[in-house]
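Number of protein chains: 2
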Amino acid sequence: MPRVSVPAVVVLAGGVGAARFLQGVVSALPARALTIVGNVGDDLEVAGLHISPDLDTVLYTLTNNIDEGRGWGVRDDTNHALERAASLGADAWFWLGDLDIGLHIARTEWLRDGHDLSEVTARLAAALGLEDHLVPCTDDRLRTILVTADGELDFQTYYVRRGHRDPVLEIRFDGAADARPAPGVLEAIAAADAIVIAPSNPLISIGPILAVSGIREALRERGARCVAVSPIVGGEALRGPAADMLRSLGHDASPSGVAALYEGLVDVMVIDDVDSAQADAIRGHGVQPVVTDTIMCDAASKQRLARATLEAAGVVSAHDD
Amino acid sequence: MPRVSVPAVVVLAGGVGAARFLQGVVSALPARALTIVGNVGDDLEVAGLHISPDLDTVLYTLTNNIDEGRGWGVRDDTNHALERAASLGADAWFWLGDLDIGLHIARTEWLRDGHDLSEVTARLAAALGLEDHLVPCTDDRLRTILVTADGELDFQTYYVRRGHRDPVLEIRFDGAADARPAPGVLEAIAAADAIVIAPSNPLISIGPILAVSGIREALRERGARCVAVSPIVGGEALRGPAADMLRSLGHDASPSGVAALYEGLVDVMVIDDVDSAQADAIRGHGVQPVVTDTIMCDAASKQRLARATLEAAGVVSAHDD
Numbered sequence: 001m002p003r004v005s006v007p008a009v010v011v012l013a014g015g016v017g018a019a020r021f022l023q024g025v026v027s028a029l030p031a032r033a034l035t036i037v038g039n040v041g042d043d044l045e046v047a048g049l050h051i052s053p054d055l056d057t058v059l060y061t062l063t064n065n066i067d068e069g070r071g072w073g074v075r076d077d078t079n080h081a082l083e084r085a086a087s088l089g090a091d092a093w094f095w096l097g098d099l100d101i102g103l104h105i106a107r108t109e110w111l112r113d114g115h116d117l118s119e120v121t122a123r124l125a126a127a128l129g130l131e132d133h134l135v136p137c138t139d140d141r142l143r144t145i146l147v148t149a150d151g152e153l154d155f156q157t158y159y160v161r162r163g164h165r166d167p168v169l170e171i172r173f174d175g176a177a178d179a180r181p182a183p184g185v186l187e188a189i190a191a192a193d194a195i196v197i198a199p200s201n202p203l204i205s206i207g208p209i210l211a212v213s214g215i216r217e218a219l220r221e222r223g224a225r226c227v228a229v230s231p232i233v234g235g236e237a238l239r240g241p242a243a244d245m246l247r248s249l250g251h252d253a254s255p256s257g258v259a260a261l262y263e264g265l266v267d268v269m270v271i272d273d274v275d276s277a278q279a280d281a282i283r284g285h286g287v288q289p290v291v292t293d294t295i296m297c298d299a300a301s302k303q304r305l306a307r308a309t310l311e312a313a314g315v316v317s318a319h320d321d
Numbered sequence: 001m002p003r004v005s006v007p008a009v010v011v012l013a014g015g016v017g018a019a020r021f022l023q024g025v026v027s028a029l030p031a032r033a034l035t036i037v038g039n040v041g042d043d044l045e046v047a048g049l050h051i052s053p054d055l056d057t058v059l060y061t062l063t064n065n066i067d068e069g070r071g072w073g074v075r076d077d078t079n080h081a082l083e084r085a086a087s088l089g090a091d092a093w094f095w096l097g098d099l100d101i102g103l104h105i106a107r108t109e110w111l112r113d114g115h116d117l118s119e120v121t122a123r124l125a126a127a128l129g130l131e132d133h134l135v136p137c138t139d140d141r142l143r144t145i146l147v148t149a150d151g152e153l154d155f156q157t158y159y160v161r162r163g164h165r166d167p168v169l170e171i172r173f174d175g176a177a178d179a180r181p182a183p184g185v186l187e188a189i190a191a192a193d194a195i196v197i198a199p200s201n202p203l204i205s206i207g208p209i210l211a212v213s214g215i216r217e218a219l220r221e222r223g224a225r226c227v228a229v230s231p232i233v234g235g236e237a238l239r240g241p242a243a244d245m246l247r248s249l250g251h252d253a254s255p256s257g258v259a260a261l262y263e264g265l266v267d268v269m270v271i272d273d274v275d276s277a278q279a280d281a282i283r284g285h286g287v288q289p290v291v292t293d294t295i296m297c298d299a300a301s302k303q304r305l306a307r308a309t310l311e312a313a314g315v316v317s318a319h320d321d
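Going down the list, the protein sequences come from chains S and L.
The opening position of the first sequence corresponds to residue 1 in the numbering used here, with each subsequent residue numbered one higher.
The opening position of the second sequence corresponds to residue 1 in the numbering used here, with each subsequent residue numbered one higher.
Just chain S, with the same shape it has in the complex (with noise of 0.2 angstroms):
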């Protein structure tokens, strides 16, 4: 058989670091070869706006709209709005942007009017240019909960009020068990060539897709090779608080720690230079895996880093250019 020339590639994403991956995914690949299944678990309102972070992020930076600094927001926003909300007493304390808030308003207004998430992302993504498919995990409600000593903490409230310090006792994703996969999805994993899971926290980025009855299924069921990206690198999270998470919660914050939580659903992991002692563990878990150097510091090695899973899965070779 030939080679397929379109291959039809999933990536399973959460935000900072799967649009970073992403963006090296889509110069390897033609364009509309790819469908983004994207976490909805850190949604939130600020005020009665719907604002999906992850989504976001993915969608400005594959749009060339991201602030690259802090790798969220809009580049050259400004912030005149919740600077006039904090002057008057407000807690402003999740912060957005002018531009950013324009495109929460469009999201919010659609939504209350009945259009779906998925709908409106597709929305929001084809008018800021994104030839790719976008689509959240499911169009329900579907929030993750962080349990901990002080309580039980939604996504945000966790992770940028408190600035992720809390020790994670325990994981909810609130609404998962209703929670259906948006339109497309199941079809997309049914049909691809190759899934990939970007190198995203696998317990709050990665767990909050997997929750959605019939996501987790349907990757077992695959038939189509299956790679994951290791988001831990010499025991540490590239971002974010995955390697104390992973500890809490008593995982190995190893990437043979990351293949166990995927066992079963991931033929390959690409992991790091420095964890290469990881492979026989890995291999373990009925993972296979491939050694490579994953950290992204610019487009080079993105394209590098995207350009090793997407062969490590098949659907481009070491002679494609």
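What the hints contain is simulated information worked out from the structure, not anything from laboratory work.
Where hints are given, some of them may not hold.
Only some residues are given here: those of chain L computed to face chain S with a beta carbon under 10 angstroms [said to hold, decoys possible]:
1. Leu44
2. Gly48
3. Arg75
4. Leu88
5. Leu96
6. Gly97
7. Leu99
8. Ile101
9. Ala106
10. Arg107
11. Asp113
12. Gly114
13. Ile295
Derived, one-sided and incomplete: chain S residues facing chain L with beta-carbon distance under 10 angstroms [as the list claims (entries may be wrong)]:
14. His50
15. Asp91
16. Leu96
17. Leu103
18. Arg112
19. Gly114
20. Thr148
No residue lacks a Cβ here, since even glycine has one placed at the ideal position from N, Cα and C.
Fit chain L to the supplied structure of chain S, relying on the hints for placement.
Same frame as chain S, now just chain L:
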């Protein structure tokens, strides 16, 4: 008895016309003499943000934040958020500047935290430096509905979106039957040395205030003199659709038509020189006319009208400076 040195004055107020009149009133009274009872019948939600256009117009005007040219919104505001929303395809028909959105974010957060609109309004007023008391007529949900040939329209759809061109067949105030006066409203009316009805549309600016159960009765049983300023001059409204609306609902578009609507509630009506022939008709409604120049074109004319009104109410004398 000596004249009251710091009179307690209550003004029932709509939006732009009332706000401009109130600029004159505050210049004629000591600080904190004034309680402004504002209309909330034209409140709306935009993308979940709670907006109180009439309260905001009064607040922005009296704290020197108003865009004088338009009469609403914040001076020198930017439009980054709404322009982005519109560029993404949102139907951004109710225009909001970025600083204005900041205020709506603060208001909406506080309302969602369980604070009443009157408390939220007091916070916003204090933060912007308003020394007088601005209070919504009710903390409960009250919405002005215009019945037209095209069906029932909420206020802002009628006024802003459709440019107040639809002939109005009927006006309803949704929620009025169950709406209770906000804390302090009835007390302020009972304790007032003078009550003033600003030159606002009697049907859709003052009407919602009077529709709150108990407020009309409190005015009927007033201990203080009540003076209305006619919003109709020479058969036309100085701003907005009051004249057409009065006619389409079978009222006279004249000061005496307004006096008929206020019969039993007001003792005096201030009318413009051009309407001096209306004096007898106004007396026929049990209302004493005061004829003067009511056109507000600058600070001096606003002060002159306010002073004439407060003199008619007996709380300032021609000898006060």
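To see whether the hints hold, each was checked on the structure:
Below 10 angstroms, beta-carbon pairs count as interface contacts, and Leu44(L) has none with chain S, the closest being about 12 angstroms; its hint is therefore violated. Given the 10 angstroms rule on beta carbons, the hint for Gly48(L) holds: about 2 angstroms separates it from the nearest Cβ of chain S. For Arg75(L), the shortest C-beta to C-beta distance to chain S is roughly 13 angstroms, which exceeds 10 angstroms, and the interface hint is violated. The closest approach between the C-beta of Leu88(L) and any C-beta of chain S is roughly 4 angstroms, which is under the 10 angstroms cut-off, so the hint is satisfied.
The beta carbon of Leu96(L) comes within 8 angstroms of a beta carbon in chain S, closer than 10 angstroms, and the hint placing it at the interface holds. Proximity of Gly97(L) to chain S holds as hinted, the smallest CB-CB distance being about 8 angstroms (cut-off 10 angstroms). Below 10 angstroms, beta-carbon pairs count as interface contacts, and Leu99(L) has one with chain S at about 5 angstroms; its hint therefore holds. Look at Ile101(L): its Cβ gets to within about 4 angstroms of chain S, closer than 10 angstroms, so that hint holds up.
Hint status for Ala106(L): holds, given a least beta-carbon distance of 4 angstroms to chain S, under 10 angstroms. Taking 10 angstroms as the C-beta contact cut-off toward chain S, the hint placing Arg107(L) at the interface holds, the least distance being around 8 angstroms. Restraint check, Asp113(L) versus chain S: the minimum CB separation of about 9 angstroms is within 10 angstroms; hint holds. A least Cβ separation of about 14 angstroms between Gly114(L) and chain S goes past the 10 angstroms threshold, and the interface hint is therefore violated.
Annotation: interface hint on Ile295(L) violated; nearest CB of chain S at approximately 34 angstroms, more than 10 angstroms. Hint status for His50(S) relative to chain L: holds, with the closest Cβ pair at about 7 angstroms, below 10 angstroms. A least Cβ separation of about 7 angstroms between Asp91(S) and chain L falls short of the 10 angstroms threshold, and the interface hint therefore holds. At about 8 angstroms, the closest approach between the beta carbon of Leu96(S) and any beta carbon in chain L falls short of 10 angstroms, and the interface hint on this residue holds.
Proximity of Leu103(S) to chain L holds as hinted, the smallest CB-CB distance being about 6 angstroms (cut-off 10 angstroms). Interface restraint check: Arg112(S) against chain L, minimum CB-CB distance 7 angstroms, threshold 10 angstroms, status holds. The interface hint given for Gly114(S) is violated, since its Cβ lies 14 angstroms from the closest Cβ of chain L, which is over the 10 angstroms cut-off. For the restraint placing Thr148(S) at the interface with chain L, the shortest Cβ-Cβ distance is roughly 22 angstroms, beyond the 10 angstroms limit, so the hint is violated.
When each numbered hint is compared with the structure, violations occur for hints 1, 3, 12, 13, 19, 20.
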